[in-house]
Structure formats: C-alpha cells, structure tokens
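Protein chains in written order, with this note's numbering: chain D, 393 to 523; chain W, 5 to 93.
Any given hint might turn out to be false.
As the list claims (entries may be wrong) - Think about it this way: if two alpha-carbon atoms lie no more than 20 Å apart in a straight line, the pair counts; the simulated EDC-like pairs of lysine to aspartate or glutamate are:
(1) D:K502 with W:E88
(2) W:K31 with D:D421
(3) D:K496 with W:E88
(4) D:K488 with D:D500
(5) D:K485 with W:E88
If you are wondering where the hints come from, they were derived from the structure by calculation, not from laboratory data.
Quick caveat: nothing in here was measured; it's all calculated off a predicted structure.
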Amino acid sequence: MTDVIIMILTSIGTLFILIAAIGVLRMPDFFLRLSVTIKAATLGLGFIMGGTALFFLEFSVTAKVTAIIFFLLITAPVSGHMIGRTAYFTGMKLWKGTVLDELKGKYDRKTHELTSDGDHAQEGNDPVDEL
Amino acid sequence: MLNNYLLYVILPTLSIAAILVFVRFLKGPFTLDRVVGLDFLINIGIGIIAIYSVVTDHSAFLDVAMILALIAFLGTVALSYYLEQRGKQ
Chain D
393 MTDVIIMILT SIGTLFILIA AIGVLRMPDF FLRLSVTIKA ATLGLGFIMG
443 GTALFFLEFS VTAKVTAIIF FLLITAPVSG HMIGRTAYFT GMKLWKGTVL
493 DELKGKYDRK THELTSDGDH AQEGNDPVDE L
Chain W
5 MLNNYLLYVI LPTLSIAAIL VFVRFLKGPF TLDRVVGLDF LINIGIGIIA
55 IYSVVTDHSA FLDVAMILAL IAFLGTVALS YYLEQRGKQ
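Bound-form chain W, shown alone (with noise of 0.2 Å):
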C-alpha cells in the first residue's frame, strides 16, 4: 500500500516537478535564473532519494542525500560570488 502509493503517486509528481524546473533551467534568460534552477533540481534530487529510500527499504541512500545538500549549497555559493565579482570594478 504505501510502496505503491510512493512509487505511483509521489515518484512521478516529483518527476514532473523536476521536469518543469529542468524547462526554466533550459529556458532562463540570465545564468542567475539556471543557478536558481539547479539548486532547486539538487533539492528535489534530494526529495526523490529520502522517497527511494523508503521504497527500497535501504537507509543507507540518506548519506547521498546529505552530501548532496552540502554540493549543492557550495555550488550556489560558488556560481553567485562568482557572479558578482566579475561585474565589480
């Protein structure tokens, strides 16, 4: 019951969540606009691995969900002060 609730329901609503934001990092006028979009698709890779580890019954994924928020945080970081310093004179 709740393995084919997280399998059929959740799984896919979080896909299409991926997709829509995948679209706007793909579309985004400005690099800001794709860093936003990444850091947002980072979070919902989180999401679909916290959602695989219960389905599989294995903790152990956990451990890459928590590296994966400390990249994705040093990613934003990175790319924005980047960013910012090369429009300073």
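Isolated chain D (complex conformation) (with noise of 0.2 Å):
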C-alpha cells in the first residue's frame, strides 16, 4: 500500500519538473522560462522529498526532507525575485505577444531605484551591455 502511494507521489513530481523542463526549452522569452522554472521545480520536488520522507518512515529522515522543502519553498520565491530583477535592469527584451509591462518607466535604470511618478521613463529597452 505504502509503495502505490510513494509511486503516484514520485511520478506526480516527475511530471512536474519533466513539465518545466519542456517549458524552459520551448518558452520564447526569458522570463517566461523563469515563471516555468522556479513554481513548478519547487512543487515536483516537494512531491519526490514527500515520497522519500514516507519510504523511509523515520524521525531523522523526515526532519531532513521538511529542511529540504522549506528551504525550497524560502529560496526559490528570493532567488526568482532576484534573477527577474536583474533582467529587467539590464534591458532583457519581452516577447513580442506581451500585453502588459506594468514597470515600464517606473524604475530608474541608472540608480535601480523605484519611483511612483514617471519622472524616469526611458523610451527603448536597449540593453546595458553584452550578456
């Protein structure tokens, strides 16, 4: 009974992250290839720790694979803050069926500051430099 449940557990979060591969080649933009990556990474791998945590069945094990996954789910919302930030600063351009840019002119792309007002707008999404 216990091995069913672990097998549709493991192939659940298989399926995720083989789902998120296929998403980071096949997405046109850079930062739809990172709204793929880090959701569904963190789901799939919390279904395969959960599988683990229950074949093992232990005190010590179980508290490793809760470090795991909370470790998971705190990095990877900052780690994807971080990488779409700097992308938006450097001048990484958008796909071209993109409805909706709600930071355009809101930043300042010299001092990386947030401002309110539109005093900062720069027309062009030229990039900074070479990456």
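Two chains, each in its own frame: build the complex with the hints.
Encoded structure:
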C-alpha cells in the first residue's frame, strides 16, 4: 500500500519537473522561462521529497526532508525575484506578444530605484551591455 | 516492484528533463538564461539524489541533497547580484 502511494507521489513530482523542463526549452522569452521554472520545480521536488519521507518513515529522515522542502520554499521566490529584477534592469527583451509591462518607466535604470511617478521614464528597452 | 519502477521509469524521466534543461543551458542566448538553467539543473539533481537514496535504501544521501540546495541558492543569488551591479553606474 505504501509502495503505491510512493509511486504516485514520485510520478506526480517527476511529471511536474518534466513539464517544467519542456517549458524551459520551449518558452519564447526569458521571463516566461523563469516563471515556468521556479514554481513547477519547487512543487515537483516537494512531491518527490514527500515520497522519500514516506519510504523511510524515520524521524531523522523526515526532519531532513522537511528541512529541504522548507529551504526550497524559502529560497525559490527570493532567487526568482533577484533574477527577474536583474533581467529587467539589464534590458532583457520582452516577448513580442507581451500585453502589459507594468514596470515600464517606474524604475530608474541608473540607480536601480523605484519611483511612483514616471519622471525617470526611459523609452526603449536597449540592453546595457552584451550579456 | 517499487525499486524497479523508480529505477526504470522515474530516474530516466528525470534524466530526460535534465537533458532538456542542459540544451537550454548550452543554447541560452543570455547569461541569465544559463543562471536559470543551472539552478534548475541542480534542483533536478536534488530530485535524482532523493530517488537514488530510496533505490539504494541509504538515507545518508539526503544530506548531500540538503547541501546542494543551499549551494544552488547561494550561486544563483551571487550570479544575479553580480550581473545586476555590473550594469549599474
């Protein structure tokens, strides 16, 4: 019975990770790739770790698995936000089908500060340097 | 039953996912694409380590997974912070 539950959990997790990998390869834009990666990878890893905890059923292993899941849940949004912020500052091109860019003109590109008015509006999305 | 399923279905699927991400890692037009790809590659590695610890019945491998999660976060933050500060004036 436990085996079946472990198989189901790991299958769901692996499916999420596979879908995220296909998305990373196929998405047309950096920001779309980023949004595909972070969420799906965290969820898939959580499922796989749950299956591992269920297989061992020891206190020490469960504590380790909980620590890993907790750590992933904390760090994934932070690193995702930092990468997205960097990409926006360095002038990463948006996909041509993008409808809305709510941050356009709100950021000072030189000092990297947020302003509520559009004083520092900069037209054009040209990259600062070759990345 | 469980071991065979993990060994012949789950681990190859994770390997295929790793290969797909590695293609993006090699191709990625910008450095930031490579940073995201590297982060995701390490995450897939954590999953593979967890499955492998189930297959071999050694729970000690999970320590490696924990350290790897730490290092992936540090590497991602360091690289993105460096790339952000480089464009600043």
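Agreement of K496 (chain D) and E88 (chain W) with the hint, judged by alpha carbon distance not exceeding 20 Å | holds (18 Å)
Keeping to a limit of 20 Å between CA atoms, is the pair of K502 (chain D) and E88 (chain W) held or broken?
-> Holds, at about 11 Å.
Please work out if K485 (chain D) and E88 (chain W) have their alpha carbons no farther apart than 20 Å.
-> holds (16 Å)
Holds or violated: K488 (chain D) to D500 (chain D), with C-alpha atoms at most 20 Å apart = The given pair, whose Cα atoms are some 23 Å apart, is violated under the 20 Å limit.
Take a quick look at whether K31 (chain W) and D421 (chain D) sit within 20 Å of each other, Cα to Cα.
-> The hint holds at about 13 Å.
In this structure, the one hint that does not hold is number 4.
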